[in-house]
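Student: Each chain, letter by letter, is given below.
There are 4 protein chains.
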Amino acid sequence: LSKKRTIQPQDFDIQFGRFSKGPKNCLTDVTGVKVGHTTLNSGKGPLKVGHGPVRTGVTAILPREDIWQNKVAAGSYVMNGNGEASGLMWIQESGLIETPIALTNTLCVANVQNGIIKWMLEKNPNLGITDDSFSPVVMECDDSTLNDLQGQHVSAEHTLLALKNASTDEFLQGAVGAGTGMISYQLKGGIGSSSRIVSINNENYTIAVLLNSNHGHRHTLQIAGRPVGSQLKTPLPERYKDGSIVVVVATDAPVDSRQLSRIAKRAMLGVARTGGISYHSSGDLAIAFTTANAIPHRPDEKSALLNHKILSDFYLDNLFEAASDACEEALIKSLLNAETVIGRDDMAAYALPHEELLKILSRKN
Amino acid sequence: LSKKRTIQPQDFDIQFGRFSKGPKNCLTDVTGVKVGHTTLNSGKGPLKVGHGPVRTGVTAILPREDIWQNKVAAGSYVMNGNGEASGLMWIQESGLIETPIALTNTLCVANVQNGIIKWMLEKNPNLGITDDSFSPVVMECDDSTLNDLQGQHVSAEHTLLALKNASTDEFLQGAVGAGTGMISYQLKGGIGSSSRIVSINNENYTIAVLLNSNHGHRHTLQIAGRPVGSQLKTPLPERYKDGSIVVVVATDAPVDSRQLSRIAKRAMLGVARTGGISYHSSGDLAIAFTTANAIPHRPDEKSALLNHKILSDFYLDNLFEAASDACEEALIKSLLNAETVIGRDDMAAYALPHEELLKILSRKN
Amino acid sequence: LSKKRTIQPQDFDIQFGRFSKGPKNCLTDVTGVKVGHTTLNSGKGPLKVGHGPVRTGVTAILPREDIWQNKVAAGSYVMNGNGEASGLMWIQESGLIETPIALTNTLCVANVQNGIIKWMLEKNPNLGITDDSFSPVVMECDDSTLNDLQGQHVSAEHTLLALKNASTDEFLQGAVGAGTGMISYQLKGGIGSSSRIVSINNENYTIAVLLNSNHGHRHTLQIAGRPVGSQLKTPLPERYKDGSIVVVVATDAPVDSRQLSRIAKRAMLGVARTGGISYHSSGDLAIAFTTANAIPHRPDEKSALLNHKILSDFYLDNLFEAASDACEEALIKSLLNAETVIGRDDMAAYALPHEELLKILSRKN
Amino acid sequence: LSKKRTIQPQDFDIQFGRFSKGPKNCLTDVTGVKVGHTTLNSGKGPLKVGHGPVRTGVTAILPREDIWQNKVAAGSYVMNGNGEASGLMWIQESGLIETPIALTNTLCVANVQNGIIKWMLEKNPNLGITDDSFSPVVMECDDSTLNDLQGQHVSAEHTLLALKNASTDEFLQGAVGAGTGMISYQLKGGIGSSSRIVSINNENYTIAVLLNSNHGHRHTLQIAGRPVGSQLKTPLPERYKDGSIVVVVATDAPVDSRQLSRIAKRAMLGVARTGGISYHSSGDLAIAFTTANAIPHRPDEKSALLNHKILSDFYLDNLFEAASDACEEALIKSLLNAETVIGRDDMAAYALPHEELLKILSRKN
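Chains as they are written, first to last, in my numbering: chain A, 1 to 365; chain B, 1 to 365; chain C, 1 to 365; chain D, 1 to 365.
Rather than coming from a laboratory, the hints here were simulated on the basis of the structure. Certain hints may be false.
[Stated by the list, open to error] Lysine-lysine pairs mimicking DSS-like chemistry, simulated, CA-CA at most 25 angstroms apart:
id: 1; chain 1: D; residue 1: K48; chain 2: C; residue 2: K123
id: 2; chain 1: B; residue 1: K48; chain 2: A; residue 2: K241
id: 3; chain 1: C; residue 1: K118; chain 2: D; residue 2: K118
id: 4; chain 1: B; residue 1: K118; chain 2: A; residue 2: K118
id: 5; chain 1: D; residue 1: K34; chain 2: D; residue 2: K48
id: 6; chain 1: C; residue 1: K359; chain 2: C; residue 2: K233
id: 7; chain 1: D; residue 1: K123; chain 2: C; residue 2: K241
id: 8; chain 1: A; residue 1: K241; chain 2: B; residue 2: K302
id: 9; chain 1: A; residue 1: K241; chain 2: A; residue 2: K44
id: 10; chain 1: B; residue 1: K48; chain 2: A; residue 2: K118
[Stated by the list, open to error] Partial selection, computed: residues in chain B whose CB lies under 8 angstroms from chain A:
id: 11; residue: T6
id: 12; residue: I7
id: 13; residue: L47
id: 14; residue: H51
id: 15; residue: N80
id: 16; residue: A85
id: 17; residue: S86
id: 18; residue: W90
id: 19; residue: A110
id: 20; residue: I117
id: 21; residue: S135
Cβ atoms here follow ideal geometry from the backbone N, Cα and C, with glycine treated the same way.
Build the full structure now, drawing on both the sequences and the hints.
Tutor: Pasting the structure below:
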């Protein structure tokens with residue numbers, strides 16, 4: 001899938017925090033987690049509603065193949081609830097996720113839900129017949145500055161395709177999948193991902209972030225603490241809309257839903273360190289899941305009890321810190337890996353220029 | 001629309017609380033609020049997935065015609081978050097509703113969202129182009145015990161139809177619209193509605209409830225305090241699935257979003273008085289809105305300030321009590337007005353038998 | 001301690017729900033849980049601020065003796081947050097309780113906290129030196145209608161006494177301890193308690209409630225579904241203040257903090273079935289804890305992992321239903337067991353008259 | 001009160017954000033808001049429990065003198081709920097604050113509550129007699145690393161003193177009042193404050209922060225984006241305990257409780273920009289209030305309606321950004337203004353060394 005080398009922060013001699021990274025430095029460093037994109041990028045020139053230009057897509061995350069039968073413990077944190085996150089109410093109540101997770105644009109949430117429904121029914125033909133019903137988990141950002149949003153170009157089939165292409169490999173970042181039409185800090189944004197390995201009481205755990213960046217004003221952007229936003233000369237996009245930043249945290253650490261909600265909160269601290277203010281019109285939220293402690297759809301008939309090993313709260317701090325570091329890095333990687341995109345009405349969202357960034361980082365301040 | 005006379009509690013000489021009712025004793029007693037159903041009821045015999053039998057529908061609630069330009073203040077309360085309530089995160093953050101509200105079945109939430117999207121784009125063609133994007137408000141209950149749920153029979157067009165047929169008249173209750181396939185307390189449930197007039201400091205305000213009842217075990221059912229469920233001889237449906245109860249509260253009292261969330265909580269107390277336990281697998285939630293204090297989409301250029309009159313918290317108690325009474329009554333009306341429905345595989349959900357109810361109510365206990 | 005026989009619902013031929021009761025039908029049916037009261041009842045006649053009359057007290061609940069070293073998993077639910085519940089923020093974050101719990105009046109929360117602090121420091125002399133600091137859990141109701149509230153008559157020593165007298169025996173109910181000066185449904189209220197045994201997958205678990213009732217208007221009172229409040233001839237107290245109802249749920253079922261918060265919510269449904277509206281000025285909340293799955297203050301050095309058995313959510317329903325039944329019964333027991341109290345300025349809060357209740361219950365309705 | 005010149009960020013040629021500061025650059029720039037400290041600093045050498053050394057105090061914030069009669073709208077945000085914040089439940093329910101606010105140490109919360117109770121009863125002698133009861137707002141941080149915490153040295157009288165000394169002047173920052181014994185980023189922390197002026201639709205509003213910093217590990221400390229913590233040579237304190245950071249935001253902008261909770265959330269983003277991770281054992285929370293739109297204790301008899309002007313949500317962004325900037329600056333000012341304190345057992349918490357900081361800030365990175 002990934003033909004292009006991912007740009008990494010170390011290419012700019014910057015780092016985020018003190019923990020080491022996973023081998024792929026992305027969400028699929030958590031064993032078993034799969035990611036797939038469908039990217040829709042076609043047409044150019046003036047907006048013709050329903051006909052493009054199309055700059056959008058869907059990114060699917062599969063915590064495990066048998067997600068309905070073996071659910072993952074999950075938590076969430078809503079920093080600013082502008083937008084839609086389908087399935088969120090059930091995550092909050094049940095502390096678990098039992099469907100794939102998908103990211104897309106605001107007006108395609110419904111189509112993408114229908115794609116996940118198809119996937120779920122193919123795998124579990126008794127759902128809503130002899131078995132329970134379910135609600136897909138879909139998060140969105142508004143890409144209407146570049147994309148023909150009203151056209152609702154992401155279909156159920158595009159979603160199925162992303163799910164079927166999902167793999168445990170490294171995946172493309174930047175202006176791909178759900179990130180195709182995103183703008184972050186008034187630069188081209190999109191998908192970014194990073195991972196950390198933390199050692200807790202002599203055990204190593206992986207914690208990783210995948211996000212879709214579509215938020216922020218240029219002037220607050222900081223990279224590794226440097227006030228890059230106020231120094232960049234890159235033109236602002238001609239149109240401005242507040243956007244969102246949606247974050248998925250995955251880990252293999254044995255934590256429960258309460259702890260995962262706390263971890264999701266810390267991811268957002270990494271966003272804050274890049275200058276995120278969580279403006280009124282931005283939908284800024286994180287969900288977090290763990291592949292440890294699978295939750296059976298129906299417990300074994302012999303017992304109503306789940307045998308779980310749960311990390312003591314006293315050992316969470318490294319996971320908290322690593323979640324914020326990985327999220328900060330994922331956000332900067334979304335900018336570093338996105339290329340300039342010309343969208344509807346020929347409007348450009350410019351990529352963060354690498355050479356200019358190097359110069360700013362080398363300044364005394 | 002409503003050709004059939006609505007069965008009322010007073011037909012059974014029972015009443016709920018001390019407040020008087022509005023003239024229609026339903027949600028449309030709140031001036032300007034419109035309700036419309038699309039009922040899908042076709043086929044019989046064994047389930048043929050995708051082909052029926054179909055026992056489902058959609059019920060649309062329009063707080064005001066110009067809901068995008070003049071939003072309604074809103075609140076919510078999740079008693080048990082099993083299921084999906086799209087748009088909820090934004091209600092919680094913004095304290096407002098800016099789209100129609102629709103009720104439907106679990107796997108048609110996406111289609112119904114697309115119906116509301118069509119309605120919104122027809123009325124506001126610049127959404128997602130020069131204007132903001134948006135997320136529809138859709139709540140669901142699982143009607144798969146009676147209905148071919150996997151068939152996803154409620155379409156965007158059915159939703160548009162319900163919205164276009166919505167009126168300020170009295171509307172049908174029981175097994176209609178989203179209530180067509182619902183089962184409550186193992187009796188036929190569905191749509192129920194009731195209203196109250198409360199006097200506060202010499203001003204009259206209306207508060208009303210519309211709900212879709214699809215929850216509960218027979219043995220806990222109480223009607224006007226009487227243990228009806230344990231005394232009824234009506235057969236239980238052959239299949240049992242826990243369901244949900246979703247509630248919409250409307251008022252014209254000048255309250256804000258914080259107060260509306262408190263009112264939504266009190267509606268659920270009325271559910272409790274009918275014996276609702278909010279079992280694990282039930283999605284029990286309420287949203288509440290007021291038609292007072294419209295919130296302009298963009299405030300007047302001359303001022304960033306909204307001039308709102310807000311009821312002092314010290315005057316809320318009557319609204320709290322009336323919300324719980326109206327909700328209790330709406331739930332019982334959903335049972336009283338639903339007729340027996342034979343669903344997929346010829347399974348019956350029997351209506352609450354009126355004569356037997358009269359007998360039980362006349363017993364000493 | 002308990003010299004007086006507790007009045008039970010079966011004395012009136014009423015029952016709440018379908019589960020059997022524990023042997024003592026109170027909170028101490030949960031093995032290891034201790035309860036103790038200090039009752040302050042002195043003086044009569046007009047209020048002399050600081051000098052009485054005194055109608056107040058403190059009720060202490062000790063989930064386990066070694067509560068700091070072996071904490072209990074805990075959850076909470078705030079139905080209406082009028083009033084103070086110290087320690088609540090930490091329960092919500094950590095999902096545990098690590099100090100005794102005490103109930104008292106509104107202006108003695110601080111003194112009672114100091115009593116718990118003394119108890120904690122006696123048992124754990126390194127707290128706040130080499131060990132962590134802590135925050136006591138204290139819930140309050142306003143007894144100022146009967147009591148010299150400004151006098152702050154409950155001291156740290158009274159709290160220590162209640163903790164030291166706490167036992168696993170049956171304890172007095174009604175106008176005792178923190179319940180001494182309480183008024184509920186404009187009748188004499190106070191401490192009530194009840195328990196249930198539930199069978200889950202062939203295992204028996206106990207779930208029990210202790211509450212302090214100090215809330216409600218007479219006209220909404222229902223007992224076993226009957227509209228007792230509107231039929232009673234007992235005079236209303238001359239003064240009226242909205243009060244509160246604070247609830248403690250204990251269980252030995254192996255549930256986690258998320259599940260305990262859900263259980264706490266269901267307890268409040270039992271309050272609703274007695275006619276509770278949760279008026280604006282009422283502080284209505286529940287905390288719930290389990291004695292299963294003790295949480296070590298510091299985990300064993302050999303492992304950062306807690307080995308917990310957790311009940312699958314699919315098996316919670318009986319606990320939900322039993323929590324609501326026990327809470328409904330506890331509330332009615334608080335009324336049945338309270339005797340008329342004459343408070344400051346010779347104002348009477350009359351007990352629920354047993355004979356009149358029997359007559360009302362025997363009516364056809 | 002303030003004899004010492006406050007150290008300001010501009011002394012180090014650093015700034016936080018783009019907004020201008022108020023004339024005093026502290027909380028009392030919001031008209032009418034008063035702040036007062038009582039500082040307790042006595043004894044030295046080894047800990048003698050109950051006898052010192054004493055390094056603690058109380059800081060009182062008075063939103064307005066007539067706070068009971070004219071309450072302030074308020075919101076809150078709990079980033080990590082380790083610790084106690086009395087009165088929080090009522091802020092969350094009612095959306096207002098009606099008592100003074102005080103900051104102190106963990107085991108003196110009760111004494112400080114009693115101090116506020118005395119103040120309230122002096123001003124409003126009918127509380128808990130003919131008028132309602134109330135719950136004071138007290139937030140705490142654990143100063144036991146430097147202070148004899150078990151000694152509970154802050155009394156009700158110390159609190160009354162702080163309230164009586166409270167003024168609208170500039171106030172001391174650093175190791176004063178509740179900040180006397182605080183340690184932040186393993187440097188001497190304590191009280192810090194900053195303010196911003198924001199222009200919204202041609203109106204100027206003030207928003208200001210006062211905080212007590214007692215949290216964090218050295219290695220994550222950033223100042224104006226620079227990794228100061230990892231470069232400082234200042235010795236770490238010999239003992240380490242995780243602490244807390246409690247934040248009070250005041251504004252005169254006409255916002256409501258929902259909006260104030262959103263503002264409180266943004267303040268915490270400023271903490272994140274200094275490197276705050278919100279570790280497990282840290283109590284990190286903010287409350288926010290506005291002096292606009294006073295809420296009468298009892299509304300005028302002629303009307304149950306409050307006439308409020310409320311800022312449209314579309315105009316909140318500058319307040320969000322300014323709250324985060326002021327909080328970041330307040331935190332750094334707490335470090336810049338604190339002097340080295342030698343506490344119990346002769347342990348030192350070293351001040352941030354100004355000269356070394358200047359050198360680090362002048363490095364290329």
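Student: Could you run down the list of hints and mark each one as holding or not?
Tutor: The hints, checked one at a time:
{"no.": "1", "hint": "D:K48 - C:K123", "verdict": "holds (18 angstroms)"}
{"no.": "2", "hint": "B:K48 - A:K241", "verdict": "violated (47 angstroms)"}
{"no.": "3", "hint": "C:K118 - D:K118", "verdict": "holds (23 angstroms)"}
{"no.": "4", "hint": "B:K118 - A:K118", "verdict": "holds (23 angstroms)"}
{"no.": "5", "hint": "D:K34 - D:K48", "verdict": "violated (35 angstroms)"}
{"no.": "6", "hint": "C:K359 - C:K233", "verdict": "holds (12 angstroms)"}
{"no.": "7", "hint": "D:K123 - C:K241", "verdict": "holds (21 angstroms)"}
{"no.": "8", "hint": "A:K241 - B:K302", "verdict": "holds (22 angstroms)"}
{"no.": "9", "hint": "A:K241 - A:K44", "verdict": "holds (20 angstroms)"}
{"no.": "10", "hint": "B:K48 - A:K118", "verdict": "holds (17 angstroms)"}
{"no.": "11", "hint": "T6", "verdict": "violated (30 angstroms)"}
{"no.": "12", "hint": "I7", "verdict": "violated (30 angstroms)"}
{"no.": "13", "hint": "L47", "verdict": "holds (7 angstroms)"}
{"no.": "14", "hint": "H51", "verdict": "violated (13 angstroms)"}
{"no.": "15", "hint": "N80", "verdict": "holds (6 angstroms)"}
{"no.": "16", "hint": "A85", "verdict": "holds (6 angstroms)"}
{"no.": "17", "hint": "S86", "verdict": "holds (6 angstroms)"}
{"no.": "18", "hint": "W90", "verdict": "holds (6 angstroms)"}
{"no.": "19", "hint": "A110", "verdict": "holds (4 angstroms)"}
{"no.": "20", "hint": "I117", "verdict": "holds (6 angstroms)"}
{"no.": "21", "hint": "S135", "verdict": "holds (4 angstroms)"}
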